[in-house]
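Asker: All chains should be built: construct the whole structure from the sequences, respecting the hints.
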Amino acid sequence: MNPFLWQDIGSADPAYYDEFCRYMKGKTITLDNSFELEKNFAKTIDYVDVTEAFEESDYDKWKNGGKRYIAEEHKGGEAREI
Numbered sequence: 001m002n003p004f005l006w007q008d009i010g011s012a013d014p015a016y017y018d019e020f021c022r023y024m025k026g027k028t029i030t031l032d033n034s035f036e037l038e039k040n041f042a043k044t045i046d047y048v049d050v051t052e053a054f055e056e057s058d059y060d061k062w063k064n065g066g067k068r069y070i071a072e073e074h075k076g077g078e079a080r081e082i
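Using our numbering, count along the sequence shown one by one with no gaps and you end on 82.
Check before you lean on any hint, since a few could be wrong.
[As the list claims (entries may be wrong)] Think about it this way: if two alpha-carbon atoms lie no more than 20 Å apart in a straight line, the pair counts; the simulated SDA-like pairs of lysine to any residue are:
#, residue 1, residue 2
1, Lys43, Ile70
2, Lys43, Glu56
3, Lys43, Asn33
4, Lys63, Leu31
5, Lys43, Phe54
6, Lys39, Lys63
7, Lys25, Ile45
8, Lys39, Thr51
9, Lys63, Glu73
10, Lys61, Phe35
11, Lys25, Thr44
12, Lys67, Asp32
13, Lys61, Val50
14, Lys61, Lys25
15, Lys67, Asn33
16, Lys67, Leu37
17, Lys43, Ile29
18, Lys27, Ile45
19, Lys67, Ile29
20, Lys63, Phe35
21, Lys61, Ala71
22, Lys39, Asp8
No lab work stands behind these hints, which were simulated from the structure alone.
Since we're looking at a predicted model, the values are computed, not measured.
Answerer: Given below as structure tokens:
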């Protein structure tokens, strides 16, 4: 599901990426709520390693990583609203 493996905007597993896009459709995604949204999405898929990884993850590390990511030039950056 890692979106950073390939050059394009998709992910390493297009089926999960499509599922993720359907799950997120219509939701407002912010840096503050993105961690909870992703944790909730992980619970909807049958991928225990991913679910467990999010259960063990730290919100502050997620948020700090997100701040660094959106502050720099990155894949998909042209799709975000400013």
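Asker: Mind listing which of the numbered hints don't hold for this structure, in increasing order?
Answerer: The structure breaks hints 1, 14 and 22; every other hint is satisfied.
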